[in-house]
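Sequences listed follow chains A and B, in order.
Each residue of the first sequence is one higher than the one before, counting from 1 in my numbering.
Each residue of the second sequence is one higher than the one before, counting from 1 in my numbering.
The set of hints was computed from the structure by calculation and includes no laboratory data.
The structure displayed is predicted, hence computed values, not measured ones.
Glycine residues also receive a C-beta, built at the ideal position from the N, C-alpha and C atoms.
Treat the hints with caution; some may be incorrect.
What the hints assert, rightly or not - Derived DEER-like restraints, expressed as beta-carbon distance ranges: (1) A/297 <-> B/74: 47 to 53 Å; (2) B/23 <-> A/71: 53 to 59 Å; (3) A/205 <-> B/15: 21 to 27 Å.
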Amino acid sequence: MTTTAIPPEAKRAPAASPRSRTARRREGAAWVFLSPWVLGAIVLTLLPMAVSLYLSFTDYDLFSPPEWVGLRNYTQMFTEDPRYWRSVVTTLTYVVVAVPLQLALALVVALALKGMKRGKAFYRSAFYAPSLLGASMSVALVWRAVFNDGGTVDNLFGTGGWVNKPGWALLAVALLTAWQFGAPMVIFLAGLQQIPAELYEAAAVDGAGTWRQFLSVTVPMLSPVLFFNLVLQTIQAFQVFTPAFAISAGKGGPADSTLVYTMYLYDRGFVASHMGYASAMAWVLLAVIGVVTAVLFRTSRSWVFYASEGDR
Amino acid sequence: MTSTAVSRKPLGRGRIAVHLGCLAALLVMLYPLAWLLATSLKPADEVVASLDLLPGHLEWSNYRTALDGVNDVSVWRLLGNSLLIAGGAVVGNVLSCSLAAYAFARLRFRLRGPLFAFMIATIMLPHHAVLIPQYIIFNQLGLVNTYWPLILPKFLATEAFFVFLIVQFMRGLPRELEEAARIDGCGPFRSFFRVVLPLTRPALITTAIFTFIWTWNDFFTQLIYLFDQDKFTLTLALRSFVDASSTSAFGPMFAMSVIALLPIVLFFLAFQRFLVEGMASSGVKG
Numbered sequence: 001m002t003t004t005a006i007p008p009e010a011k012r013a014p015a016a017s018p019r020s021r022t023a024r025r026r027e028g029a030a031w032v033f034l035s036p037w038v039l040g041a042i043v044l045t046l047l048p049m050a051v052s053l054y055l056s057f058t059d060y061d062l063f064s065p066p067e068w069v070g071l072r073n074y075t076q077m078f079t080e081d082p083r084y085w086r087s088v089v090t091t092l093t094y095v096v097v098a099v100p101l102q103l104a105l106a107l108v109v110a111l112a113l114k115g116m117k118r119g120k121a122f123y124r125s126a127f128y129a130p131s132l133l134g135a136s137m138s139v140a141l142v143w144r145a146v147f148n149d150g151g152t153v154d155n156l157f158g159t160g161g162w163v164n165k166p167g168w169a170l171l172a173v174a175l176l177t178a179w180q181f182g183a184p185m186v187i188f189l190a191g192l193q194q195i196p197a198e199l200y201e202a203a204a205v206d207g208a209g210t211w212r213q214f215l216s217v218t219v220p221m222l223s224p225v226l227f228f229n230l231v232l233q234t235i236q237a238f239q240v241f242t243p244a245f246a247i248s249a250g251k252g253g254p255a256d257s258t259l260v261y262t263m264y265l266y267d268r269g270f271v272a273s274h275m276g277y278a279s280a281m282a283w284v285l286l287a288v289i290g291v292v293t294a295v296l297f298r299t300s301r302s303w304v305f306y307a308s309e310g311d312r
Numbered sequence: 001m002t003s004t005a006v007s008r009k010p011l012g013r014g015r016i017a018v019h020l021g022c023l024a025a026l027l028v029m030l031y032p033l034a035w036l037l038a039t040s041l042k043p044a045d046e047v048v049a050s051l052d053l054l055p056g057h058l059e060w061s062n063y064r065t066a067l068d069g070v071n072d073v074s075v076w077r078l079l080g081n082s083l084l085i086a087g088g089a090v091v092g093n094v095l096s097c098s099l100a101a102y103a104f105a106r107l108r109f110r111l112r113g114p115l116f117a118f119m120i121a122t123i124m125l126p127h128h129a130v131l132i133p134q135y136i137i138f139n140q141l142g143l144v145n146t147y148w149p150l151i152l153p154k155f156l157a158t159e160a161f162f163v164f165l166i167v168q169f170m171r172g173l174p175r176e177l178e179e180a181a182r183i184d185g186c187g188p189f190r191s192f193f194r195v196v197l198p199l200t201r202p203a204l205i206t207t208a209i210f211t212f213i214w215t216w217n218d219f220f221t222q223l224i225y226l227f228d229q230d231k232f233t234l235t236l237a238l239r240s241f242v243d244a245s246s247t248s249a250f251g252p253m254f255a256m257s258v259i260a261l262l263p264i265v266l267f268f269l270a271f272q273r274f275l276v277e278g279m280a281s282s283g284v285k286g
């Protein structure tokens, strides 16, 4: 049975048959197509990762050769560097505030636009615009001015400038991120449009109201998209740099309250020339992002619903 | 039409409320941009003294001052530098990412599965994990303070996100066209350039637009690699305004900010339909 199932020419094809020659040529062609990517993956990704892991166990200032110090960078980071912990807490606070705020805005606006017949394309583009402009230095400078003493927010609410108040300054950074909710909104909107209308009709026949339909149809059907957005935005949020840099005028102040992780990494590596220490910081960041992503994937089993699961 | 209109009569008011809510949200959202435009045209004495959004009179000289640039480097020079980097990045990404994507989407080779998984994993890799050794490599090669570290990586398909985006698109193309090309005697290279690449245009345009905008907005990489004033980009030149504490320079500073945003706005207006759809399909399929 098993022997007859295998076509005779595939069983022991002679090496020089025209078929395998084409196959080999195609394999060769594949590597030609891949060559830029392979070169980049080795020289600009794998090698640098290995080198930065090595450097994280050394003292290195770019000029004299790296000096092996074992785990000292890591122990110093975890036990003797209050600014490091400050930057960790700042970054975590920022992630926990900015990401849910951004995704909530994205979801609410997507739901509002979903059933719209007129003006949907216009709103979609208009709400999306900040996502393209928001990462720029120009907008970060606007943010600094608007939230500074005498800026719009100060004048409107009489709170004084947020930029100079610890805690509030970080909120200004988070608001700049939340302002760019257009990108996840577009993805939510596309996800909402893929939910079959029959599900809502069936729910309505069963007597489900708007709220019930949202909870029992929209939320589960949208959960894969929500999960995708959550992972993507969380990973990005951990690497925030430009807005914190611009809003604090490059200093991470006031009182280090906007000194996010990447800013402190930049400070240690490129301002203070402690490349070994900065490499150790980069590897901890990599590990933390890896762990957070893994945790998100693990918890997703209990709340992300894949409609096609039954088919598999 | 009529039946839904009848059954959803109370929704008429609801729909108006949704529109009003969206418009109100839009006003708040677009305020910072309006503020930017208004401030770029305000005379120095009005920036702080007046709370009005609109300038009392339009101070076009802010733009003339902005065109002089920063530290004797004219805005045209800065704009040219920014365009050179962004343009190089676009060409590099479109070329290298489509090449790699074709191999992953259509060709068979050993280790295809593991390499594809590795490529996907690098999408999530934080840039900072490779930043310092990359800097050291470029430093050893004497390429720091040149544009090579900013452009060369794009020619090596390091932005895996775009490889993935193009792979997804190519997988949706009908195989029959390539089969036909092969029967007509086209090798993999000819069928890539003649058949597949033209069909992949939408994904390539999406790649080009996002590469342009992300490179244009990029600050961190430029900050660490470029030192000379005359090699600065618009973003780096704006950064030197950051420390300025006085508001007297606000007009010219924000005039320059507007100039720096113009290329993105033009790109957005020209391609926005394309862009939003490309973004949505890549996201949902992912």
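Hints versus structure:
Checking the proposed 47 to 53 Å range against residue 297 of chain A and residue 74 of chain B shows it holds: the Cβ atoms sit about 51 Å from each other. At about 58 Å, the beta-carbon gap between residue 23 of chain B and residue 71 of chain A stays in the expected band of 53 to 59 Å. Restraint check, residue 205 of chain A to residue 15 of chain B: a C-beta distance of roughly 24 Å satisfies the suggested window 21 to 27 Å.
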